[in-house]
Amino acid sequence: MSGFLAGLCVAVLPLLAAGFWLGRRTARPERLGGLGTPVEHATFETLHTASLAAPPLRAGLTEETAGRSARRLRTLLGTDALCLTDQKSVLVWDGVGEHHRAEIMERLAGPLETGRGEAFRLTCDAPDCPLRWAVVAPLTVDDRVHGALVACAPRESAVLVRAAGEVARWVSVQLELADLDQSRTRLIEAEIKALRAQISPHFIFNSLAVIASFVRTDPERARELLLEFADFTRYSFRRHGDFTTLADELHAIDHYLALVRARFGDRLSVTLQIAPEVLPVALPFLCLQPLVENAVKHGLEGKGASAGRSRISITAQDAGAEALVVIEDDGVGMDPVLLRRILAGEVSPSGGIGLSNVDDRLRQVYGDDHGLVIETALGAGMKITARLPKYQPGVHSAGRLFEN
Amino acid sequence: MNENYAVPAVALVVVATVFVGAFGLRISRTTSDFYVASRTVGPRLNAAAISGEYLSAASFLGIAGLVLVQGPDMLWYPVGYTAGYLLLLLFVAAPLRRSGAYTLPDFAEARLASQAVRRLAGAFVVGVGWLYLLPQLQGAGLTLAVLTDAPDWAGGVIVAVVVVATVAAGGMRSITFVQAFQYWLKLTALLVPALFLVLAWQGDGASRPVFDEPATFREQRVVRVEDGLDLKLTAPLTVTVTGTVDGRPHQDQVLHLPAGTHHIDAGTRLTFAKGAAVPEADRGTNGGMSTSLAEGREERPLYATYGLILATFLGTMGLPHVVVRFYTSPHGVAARRTTVVVLGLIGAFYLLPPVYGALGRLYAPELALTSDADAAVLLLPDRVIGGLGGDLLGALVAGGAFAAFLSTASGLAMAVAGVLTQDVLPSRGVRHFRLGTVIAMAVPLAASAIVGGLPVADAVGLAFAVSASSFCPLLVLGIWWRRLTPPGAAAGMLVGGGSALLAVAATMAGFPGTGALHALLAWPALWSVPLGFLTMVLVSLATPGRVPAGTAAILARFHLPEELSGAHGGHGGHGLGGPARTEVTRT
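So the protein sequences, as listed, match chains A and B. Read in order, the letters of the first sequence are residues 1 to 404 in full-length UniProt numbering. Read in order, the letters of the second sequence are residues 1 to 587 in full-length UniProt numbering.
Just chain B, same shape as in the assembly:
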């Protein structure tokens, strides 16, 4: 790819983000414009902001990569990412807004009046935030490494520095506008190239079913294996090799590999002939750090799919950066409307990544062999269209990808930093918020340097699993069950979320590699979510004396529309809230 265009595009996105963030609000108004100046954020703008913050590297790059490598089964990812908002809409959005809570720990405190539960929720916010930030930084590193020859860590560092600098300098003051801008930028960055790609594909014949099994090379293609891998061949393969295969060195030799597993050493160049089937790579044995969760999926596809569905459906409501955005809605009804619009916006966006994945299978199948499948979106314009047009479209996609990293990372960094400042660092204040931001970014940045590259969509899936096992029970039971007690909530979060967190840690550390246990640990939501709910319910039932005083009033406030609860406080006079009238007529 031509970095002459991509690097300016990325720089432009960064500058535009900082500019909108810093100056979106600087338009001062005089009192004659009062109603313009103090207009609350409407559902459409807020929805675009939520979508902008939500669509992360996993959505922008990861889904296409997974579809490319593993085919249409992976469509469950975009479905899950979207459907999470349906549950949010049905069960959480309006009551959460009416609770007056800004963050999840605020909600825990508002509902359960317990500092202990508040702090525990804060710890989980930090945990989920860091888990979610990790793939963002890795994705940024990958993007920059693909676009230029920068080392893997450079992109992550750039994103971290930009986010910390803008957040700490107070540059995210008009964050709603920034995030809304990012959504439209991301949509454009995927939509425009996708249109050209589809046109090119049409011009190319377009007759072949995209999800041919297995994928084949359209032309002769040289693949350089960078990490060493095992090829699983189901049929014999003819390939030209420079390097080491099965322990034997070769120099430009044509090899006929029989069916079975073959080990390819790092640095080997494989030249595949036109029409050759793309072999499947097994990355599970080269040290364990970059084990794709696909292993567990291949062994137990049904279990893995259900685990994914549960995690994404229930995890969305507990994402710290999504929850804070609902505070911007002026009231519960607006929060609900916002969620409906979010469903539309996100649904529209998620139509695009699978297109890239499918076209990637046609035009860049060798990505499945290297560890760069996530780069499919970035490479496709160059592969399919080429020339100046390809370069420009590629630059657009690269800019969009950086918008994805920046928006999600800044939202997460602010959410995590908020919790750190409020509940962990000794005193509140602007300076502590800056310190909190630095800590919020430094930890995942360090972790991304140490922990190997899990595919971004998988890594985000793990964050969803932890969120689904800890916050989903807290929110759903907190809003809909009046017998929830502080000990119950704490125990449920600890057991559900804690076990999911341990499973995630084990998975990221490459333990235990394969087998049933691996599947259980790699897709923890299916057992950890029910575990969290069960613990919360049982412990709450066991401690009936600890139901917080005033639970009925709190739940009434969560569920009654604002006009009614306002009238409840003696508002009256507007007809709605007055005492019920009985119609009396003479018979």
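Excised from the complex, chain A in its bound form:
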């Protein structure tokens, strides 16, 4: 018997949990009965209906969103028919008398032009059609007429004209908010594009200088380096897509390191430890290379011109649903307080925008709990950890992985 109960529990628990969760998700606010006077009750009902009609319209005025809010708007006005139009056509007709579509559109030319509301009598041959009057209220966003709300009723009514005007104004506000949403999205996109790391001009000068120094002494080496340089710049300047794969990014880092090694020779040793499972992870384009560049810079700074080697290690581990990328150097390190202020955007760092730029982009793409984690102190080197989710909605690498 205990076995029976246990088996039942094992199977029913997930279902119960799912049911509970669905219920919580879909639960409406408590029925408003027993709350206040009938007038207050009616107010609540109206506000509730209005709030239900709002979300679809926040996506802008299209056939789909209009269709999803029209019924609620008609409930709000209590008319026999209601239609929403844009500049050219009727988007949705809710209620009776749909044969008036064409007529309404003809009569709308004026109000859509002037942006002023009006009421007019409908001509109708159908004997049982209750619609005799139509009230037009334009929908305006930033003083431009986007469409109109038309309420049809059996008789002329000043109340309906007033109510339709108010509802139209309310809809207009929602559409303005939709506009605002759109511009905010565009702003974020522009920001991401602007943040897209640029390769530093210093790097280009230095690389070309190094290659130039090899041209006479070792032309073959110079040729190889030029090809590395070409590969790296091709990757950095590519236009399509904001995302790449970890494998591609690591190859770019390899080209970059080849050029750096040409300049600093034995003073730099790099070790790699990469789990093959995480190579297909998609990540923002050029978001690890600046970290490596940073490590190279810090690592070499501490050692002076002649002193010993600088070690850099790059590891990428598989950690469940995330990839863990760690870039570590044993260089001069950094004052944590200063670093914190740089990341917070309070001071602009001396050389390049590497770290804070990468941090910003990771937070933009993956959310605030996926920023860089940096462990450092003066003279103690620096360890930078980035956590990259294996899957994030909207993050797809545009290209194809390297074939090896």
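Treat the hints with care, as some may be off.
[Stated by the list, open to error] Here are a few chain B residues that sit away from chain A, every Cβ distance over 10 angstroms (derived from the structure): (1) Val223; (2) Ala273; (3) Thr328.
[Unchecked claim] Here chain B is said to cover these stretches of chain A; the calculated rule only asks that three of the stretch's residues, wherever they fall, bring their Cβ under 8 angstroms from a Cβ of chain B: (4) 100-110; (5) 383-395.
No lab work stands behind these hints: they were computed from the structure. Cβ atoms here follow ideal geometry from the backbone N, Cα and C, with glycine treated the same way.
The hints should help you fit chain B onto chain A, whose structure is shown.
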């Protein structure tokens, strides 16, 4: 069996697993080896890893046990387990990889842009994972109990502890290598003893058809009945009894039992003479907890077979630990190639368990009487070969069996823990992943202590049925049908998967025992899969307004090869993706 060899073998497997897991990646490389260090996982390695993770206790022990007890009809199990990958290859592998999803909830979100469907899929991943973990732990318990005198729960606890410890300590970092290693270990552990067994059988004459009906004892054999059972005799049987039969106590007496059903009490020793037919045991009446699904099968063999075929063919694609492995493939084409190799590797492996089952019918037929038929693979080397050789081969098999538990259990634990961490526990992070792993193992471990021993292959079959009824419709319709909506997907998963889950729960709880209803509940796939598909299609058609925006673009990404979709984004320049050219010549 001599535990002097088996226990070190099991320990060796555990240590080797932990070692490969922890140090497979520790070989640091310098930049000159860059191309070696950042080489993506090739189809062959990935396929071995998928096979290693997939071949569980059900495959290693269960199939042989079922073939031993019920004969060649059970060959549908290995066929089904393998053919599932054919459907995966045809319908799912490449688009799933191109979707960029890591887990099944990820796929639901990528396709339907709905958090609600994502969480529902997560709940089913946890449900299927737990159902699948249960038989792994029970199998481990059985193995250890057969090898040593450990109590039944010990093996499960060991597997759970090893898995939680290695996963939580981050020891599964090079999981691809671990799982690939496990595949070859498992194959070796079955193949080498099988060769010796077949040789011994050849030396033994080998003339007798293995699937003689009914199986007979080759020599005088004492069987101790541990749980009490009903013997169904179709012919009179002569047996020496010490204990209680049909309520009457006997002491070393020779009994002539007439045809019919006889009840044997727990603790009774039966001594069968050489050449006696092995009677059929009916375990259905002793409390219900260990009812074999064979009951339903015997009553409605055709229905049960089709139910099994549907569940295994369609269920494979929804197994959470299999799906995550496809993420490792660098692109859709590689995912497809991987699946082809998996078909080969798994097909090769599944040739072996039936050999053990068949030889088990010859050499250890009394296992069908006790509840230890699943132990056939473990006991055969000792029975057939014996001596030091038998002990060593037995140890090899035991090691392989533990590899099976460890690899499947760790894969499942990671998949379940991933979902728990991402969608259930409050915040993400390494510590929560450890907590998730503990929960992922603790629940099935507790359940395995309470719920009685269903044959492992049957229990895994139930997990397949739930997967087939919930994830198969989601994946197939999600990839191939553009009118799928979030409410449709949610309803389909709830109705199809939920009903299968309830049927499974009822079956595991021993309800309703026998009859047509039992067959329906024990093999739910035949009605629950169409139900899931139908609900998903109908609800989707009823909510046409909820088709997610951008469905066309998403499906294009699922189905277009990567070079093309890359070029689609303005890549160009490599010839393939440019605008179509028209050949113009002067006429």
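The hints, checked one at a time:
Chain A leaves B:Val223 outside its interface by the beta-carbon criterion, the shortest separation being 26 angstroms against a cut-off of 10 angstroms. Interface exclusion of B:Ala273 from chain A stands, the closest Cβ pair being 37 angstroms apart, more than 10 angstroms. A Cβ of chain A approaches the Cβ of B:Thr328 within 10 angstroms, the least distance being about 5 angstroms, so the stated non-interface status is violated. Against chain B, the stretch 100-110 of chain A contributes 0 residues with a C-beta closer than 8 angstroms to a partner C-beta. That does not satisfy the three-residue criterion, and the hint is violated.
Residues of the stretch 383-395 of chain A lying with their CB closer than 8 angstroms to a CB of chain B number 4, which satisfies the three-residue condition for coverage.
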